[in-house]
Amino acid sequence: GAGVSQSPSNKVTEKGKDVELRCDPISGHTALYWYRQRLGQGLEFLIYFQGNSAPDKSGLPSDRFSAERTGESVSTLTIQRTQQEDSAVYLCASSLVEVQKLFFGSGTQLSVL
Amino acid sequence: DQQVKQNSPSLSVQEGRISILNCDYTNSMFDYFLWYKKYPAEGPTFLISISSIKDKNEDGRFTVFLNKSAKHLSLHIVPSQPGDSAVYFCAVLPDSGNTPLVFGKGTRLSVIA
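Here the protein sequences line up with chains A and B, keeping their order. Quick note: the first sequence, position 86, residue 86 per this note's numbering, numbers continuous. Quick note: the second sequence, position 56, residue 56 per this note's numbering, numbers continuous.
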């Protein structure tokens, strides 16, 4: 497809389990971002990949969160030992050159029971 | 500490009237300001932006105003249409480098027919 694709669209998990969220950016976009939106909150930056540079991990809330990106392609966000406060919509975005014009996927709704 | 504040969580406007969405920011060094629009179950989409060297940018029914002395940004939609009903996020680009956008909490606009 032409847009940013995220899977799964919904994920329900039990507290303490690990989850993996996937993002396929727009082909050719060198920058990839993960944000999350908790209920009633704004978009919270998590991590940013730009080309071959070291990722900006400054937004990751704890060491239970990690993300990887394969070249300038797919990215996975992993949350280990999920907690109820991890429940949120996790949004992936990519951009070409103009960092301000991010193209977002539809998100993964994560519910931790 | 919120760098971008959208103090109105919701706004209701009649079709055909003007919608005004407001945003305040804390840092006078911010370089670029953007508005994103989000429909339910979709990712945010870029709407309009303005550089810190300008005070107004217009695109069809959408106009963004920047008041640097007041550190205030507003989005005007005129005339408002039912299809404009969505959550609107104000975002800032902290500097001209590859830094992630910082988003506000959003304002839910309802345009009533």
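Hint data in this document are derived by calculation from the structure and do not stem from the laboratory. Heads up, the beta-carbon is just placed ideally off N, CA and C, and yes, glycines get one too. Keep in mind that a hint or two might mislead.
Per label pair, the in silico range of CB-to-CB distance [claimed, not checked]:
id: 1; chain 1: B; residue 1: Ser8; chain 2: A; residue 2: Ser7; range: 27 to 37 Å
id: 2; chain 1: B; residue 1: Gln81; chain 2: A; residue 2: Lys101; range: 18 to 28 Å
id: 3; chain 1: B; residue 1: Asn57; chain 2: A; residue 2: Leu113; range: 27 to 37 Å
id: 4; chain 1: B; residue 1: Ser28; chain 2: A; residue 2: Gln41; range: 21 to 31 Å
id: 5; chain 1: B; residue 1: Pro79; chain 2: A; residue 2: Pro8; range: 18 to 28 Å
id: 6; chain 1: B; residue 1: Ala113; chain 2: A; residue 2: Ser66; range: 45 to 55 Å
The calculated lysine-lysine pairs, modelled on DSBU-like cross-linking and capped at a C-alpha distance of 35 Å, are [claimed, not checked]:
id: 7; chain 1: B; residue 1: Lys68; chain 2: B; residue 2: Lys54
id: 8; chain 1: B; residue 1: Lys54; chain 2: A; residue 2: Lys17
id: 9; chain 1: B; residue 1: Lys54; chain 2: A; residue 2: Lys101
A few chain B residues facing chain A, derived, Cβ under 8 Å [unchecked claim]:
id: 10; residue: Pro40
id: 11; residue: Phe46
id: 12; residue: Gly60
id: 13; residue: Phe62
id: 14; residue: Gly106
Cross-check of the supplied hints:
1. Ser8(B) / Ser7(A): 27 to 37 Å: Holds - the Cβ-Cβ distance for Ser8(B) and Ser7(A), about 34 Å, lies within 27 to 37 Å.
2. Gln81(B) / Lys101(A): 18 to 28 Å: holds, 24 Å
3. Asn57(B) / Leu113(A): 27 to 37 Å: The hinted range 27 to 37 Å is violated for Asn57(B) and Leu113(A), with Cβ atoms some 45 Å apart.
4. Ser28(B) / Gln41(A): 21 to 31 Å: holds, 25 Å
5. Pro79(B) / Pro8(A): 18 to 28 Å: violated, 39 Å
6. Ala113(B) / Ser66(A): 45 to 55 Å: Given range 45 to 55 Å: holds, Cβ gap about 47 Å.
7. Lys68(B) / Lys54(B): holds, 9 Å
8. Lys54(B) / Lys17(A): The given pair, whose Cα atoms are some 49 Å apart, is violated under the 35 Å limit.
9. Lys54(B) / Lys101(A): holds, 18 Å
10. Pro40: Where the cut-off is 8 Å and the nearest Cβ of chain A is about 10 Å from Pro40(B), the hint is violated.
11. Phe46: holds, 5 Å
12. Gly60: Violated, because the Cβ-Cβ distance from Gly60(B) to chain A comes to roughly 17 Å (cut-off 8 Å).
13. Phe62: Cβ of Phe62(B) sits 15 Å from chain A, so the hint is violated.
14. Gly106: It holds, given that the least Cβ distance between Gly106(B) and chain A is near 6 Å, below 8 Å.
The structure fails hints 3, 5, 8, 10, 12, 13 (numbered hints given earlier, in ascending order).
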